[in-house]
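Listed here are the chains, written in short residue letters.
2 protein chains.
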Amino acid sequence: MRASRLNITTLREDPSDAETASHRLLLRGGFICKSGAGLYLYGPLLQRTLEKVRRIVSDEISSAGGLEITMPIMQERALWEASGRWATYQASRTMLTVKDRGGQEYGLAPTAEEVVTDYAAKVVQSYKQLPVCFFQQHTKFRDEIRPRFGLMRVKEFIMMDAYSFHDSEASLAETYQAMNEAYHRAFGRCGLEAFAVEADAGAIGGSGSHEFMVAAAVGEDAILYCPESGYAANVERAEGAIPAAPAWVEPAKPHLANTPGHSSIDALVQSLRGRYPDLSAAHCLKCVLFVATVGTAAKAVPIAAFVRGDRQVNTVKLTNALNRRFKSPGAVTDLRAMRDDEIDGLTGSAVGFTGPGFRAPELVAASVSEDGPRRQMGEKVVVVCDERLRDARGLVVGANVPDWHVVGYSVPEHAPASMYFDDITTIVPGDACPRSGLPLHEKRGIEVGHIFKLGTKYSAAMGATFMAKDGTRQPFIMGCYGIGTSRVVASAVEQHHDQDGICWPMAIAPYQCVIVPTKSGDAAADAVTEALYRELLAAGIDVVLDDRDLKPGPKFKDWDLIGLPLRVVVGRGVATGTVEFKERRSAAVDVPIAEAAAKVIAAVRA
Amino acid sequence: MRASRLNITTLREDPSDAETASHRLLLRGGFICKSGAGLYLYGPLLQRTLEKVRRIVSDEISSAGGLEITMPIMQERALWEASGRWATYQASRTMLTVKDRGGQEYGLAPTAEEVVTDYAAKVVQSYKQLPVCFFQQHTKFRDEIRPRFGLMRVKEFIMMDAYSFHDSEASLAETYQAMNEAYHRAFGRCGLEAFAVEADAGAIGGSGSHEFMVAAAVGEDAILYCPESGYAANVERAEGAIPAAPAWVEPAKPHLANTPGHSSIDALVQSLRGRYPDLSAAHCLKCVLFVATVGTAAKAVPIAAFVRGDRQVNTVKLTNALNRRFKSPGAVTDLRAMRDDEIDGLTGSAVGFTGPGFRAPELVAASVSEDGPRRQMGEKVVVVCDERLRDARGLVVGANVPDWHVVGYSVPEHAPASMYFDDITTIVPGDACPRSGLPLHEKRGIEVGHIFKLGTKYSAAMGATFMAKDGTRQPFIMGCYGIGTSRVVASAVEQHHDQDGICWPMAIAPYQCVIVPTKSGDAAADAVTEALYRELLAAGIDVVLDDRDLKPGPKFKDWDLIGLPLRVVVGRGVATGTVEFKERRSAAVDVPIAEAAAKVIAAVRA
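Residue numbers (the numbering used here), protein chains in the order written: chain B, 1 to 606; chain L, 1 to 606.
Some hints could be false.
For chains that are exact copies, the list does not tell them apart, and a pair is met inside one copy or across any two.
[Claimed, not checked] Cut-off 16 Å, straight-line C-alpha distance, at most; resulting in silico cross-link-like pairs (EDC-like, lysine to aspartate or glutamate): (1) LYS443 - ASP167; (2) LYS519 - ASP403; (3) LYS443 - GLU583; (4) LYS34 - GLU76; (5) LYS122 - ASP422; (6) LYS253 - ASP310; (7) LYS380 - GLU442; (8) LYS128 - ASP549; (9) LYS551 - ASP423.
In case anyone wonders, no lab produced these hints; they're calculated from the structure.
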């Protein structure tokens, strides 16, 4: 390709709104052009990179047994009603919807479990056809609240989504593993250092899932990992033990303490320090109140979540814990903080002084109300406590009465019967790895892929069955698998750039090599340029000849920014029989003209 | 690929709702699967064919200078407001629209003139960068009233759309011609017999356009052509002369004729035959009434269109004629038949007896109203007459009074000054070719591509300019070009099938060859099968090995239906050193085992 025909349009200045390297460099290099909020046009250079990523992904997923198909972007509402996800996605407002002139409503593909399950039900009759796996690489949509970071968080993006169908969990496990390996190969071929972490399954659902992360400081996900055991998990899901609270001198018997206005953990601890000098936040029971939207009827359910005073409630874990409580994976469609003005009405408690309730109030001197600290919050409140506190004693808890706390609360003895336990605490670096017990470390990552064991969530709901070996009809056991094709590209830039621009991995570079003639018009140099260009083209190298009417300086700057892996400069060296060969991150070296093509070809094929 | 892994699911019976060969065979072969009205999932076999078509198209458009990009599907309303097409597409209701959670509205790409013009304005600054051409192959949407014919008329489809930018009409003409040639090469490589015809530019607009048609009996478009001159045009746009009306004995002076209840041309002619035995429909002036929606204010304008009594009004031509009248290419956003109950009120005339009005009513005996036939229809009515009738005399026309016509009307003498002339008649086979004057023939076709000279329609409206050679800023002169990628596939099936199934052209067949072993378990035969399979794979042939546990009969039926170009049967011939080689449309021949691979390779590369 001759550069004069490529409409190269680089920007000298960093765009003001670009916060990350990939956003900045992809804009500056003309790879992307904003067409609307969260909407990008992919320019000619990015198109080539995307196509290369697509082929690598397609190749690896095919070799793991996937059959490539294309599903419609417009998905009939009836399909989403059948799986029960229409309500979930309406509640979260992440799905864009469209109505046709006949009034029929559609979701714009955020993912395609419903469509593919419907397809499988039509084209797979018998266990003899299983396992089977279908995949596509197609545009997906998400009604993103706050699009940002260029291609990272957008309304429209390209995703590889695969769906496997099985007659046994063992068969699913086999494909899940094959996909895991295919992902590692695909990311590796794209030049990405990616690693798998345990992840939450979110709105997709299912019994297990792993995310594939690319380590990057700008990553939106926090990952906790143990170098010793190899354990790694998204913070949304990471398990682990938290260090025991330090010992303190507890009261012999629970008593009420007047804590006027001390509604925060910090203030509370400060106010009680006079009497209990060893008291710390770890001895308090923190109450966080939420309102959950539950079920297709969108019932508002008040939730009181309790974690140790020095810890945070993990809302992803809490949502899952509530779903388990309601015995339905997608029961909770929304979870929001309770507003102060709702607390009295919904919980029967008091803002800042909410507690779990007290099984034996007579143990506490009844100085603040008729029956001392209130027995419990309103009956409708779901009371959930982190499982790590199941046996905790000597705690400070709200008395459900303004300006009063109880000191010396014991969960096993005092907690009301309605309280249930689950893992709802956010694990932090330094907590103990669930495998090795050693401290967990943290790094940030960009999610580029995700694999899920779905089980029969969709097939059972949609009545998608096959004839099993024993002659009965059984719902498909399913897995699903996603790779953010356009995100892979952005992540590659995050991992491979320097102060001058992008440094594309060879396999996904838009072109592999550029030839820059710096003595155009010199007959000998021009002959070398043309001969080298033709030789590289003939060898199947993706080569650009920079025939633009520009000085060498701006040309070099452009190619450093655009980031092709190889550059050959044909200039004054021709007189002495050499050209200059340069790998993007190395110094230039002179090579004999006759060896230049071989040098490029070897570097491409390395 | 082993067939056991391909999830082949063929249907023995024709689907009841499939009206065309491509719809029927693509469904039966498992190429497509309905996912909703006008929405199809493309199965693994179709995916491969589509990918091959895509690459051919991409290859040819690139070689004509196109740079491949990807544009967003969601297109901001503001862009469509800027071009003025938001109103047009809302009126025609062909564009699907979506709102995001912030209330921002988008059109789902029916085409992408707005987005690409906005892009060009950002990345093309100077005439030095021109000409430049961007293209994509991406999903498009259309809110189809009545989806049908499988992939032919759907809500969602794949289209190649290219857009070229120029600084002169000459440059546009050059690219237009290069695209025309690229189209011919691309369709030819896909095995399609396609031909270009003059076409109407429709909602895209511009100064000239050609459609590329594939001849097919089921085609929705009628094409008129002249074998002598090479003229060919869509009937929507075809020009031509119509044979002169036969001579008849006209009255010396126009007079009123009582024609009670004779409101149709046929009844009218019958009723006047007693007095004028030579009278025919060709001597009548037919009035067809419409209501046009005009301009952004969506004003309803009554239209009276006049054509010869034996001819039809061409609504596409009429729309263009009205746009010319209103001096704005997209002025008319809708055109519908006037309802009977509107006629009195809107035209001031009478249902069934409307006429153009009469410049000199005193020439006609005033027996039916004070001043004879009414002078004209209401002032607000736009009166347009086919230009072929500019000099017509001796006509029978409605008197604008119930039950009366005027006989002996002369357009040049009697027509009111408000009447204007344009080409609004539908040309039919037998009419005279505008080039040769010989009779036009008709055939039916499927539109697979379209090219347009847009001029500055979009760039001027959107303020998309470049720095011209003379230093002034000029709007881009544009062209646009479309190929219905998924339609190409369906058209290929229409052109290439027989009673047993599809007969794919080699270049776009999902696989090129199938090996069918009919003596599985026989060690010698199995060895030949595997060796041949491996040899063909090694040679880069797209080969399927049918390892399914089925009898030969059903296998052969499947492959005839699926339509791969080549079949090799490895069976009893192995004992005597042969296998059976068969091209899809020819008889099977025995070939020596050692020559089988070479035979396949030669047929693929032929």
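Legend entry - Hints not upheld, ascending by number: Checked against the structure, the hints that fail are numbers 1, 2, 3, 5, 6, 7, 9, while the rest are satisfied.
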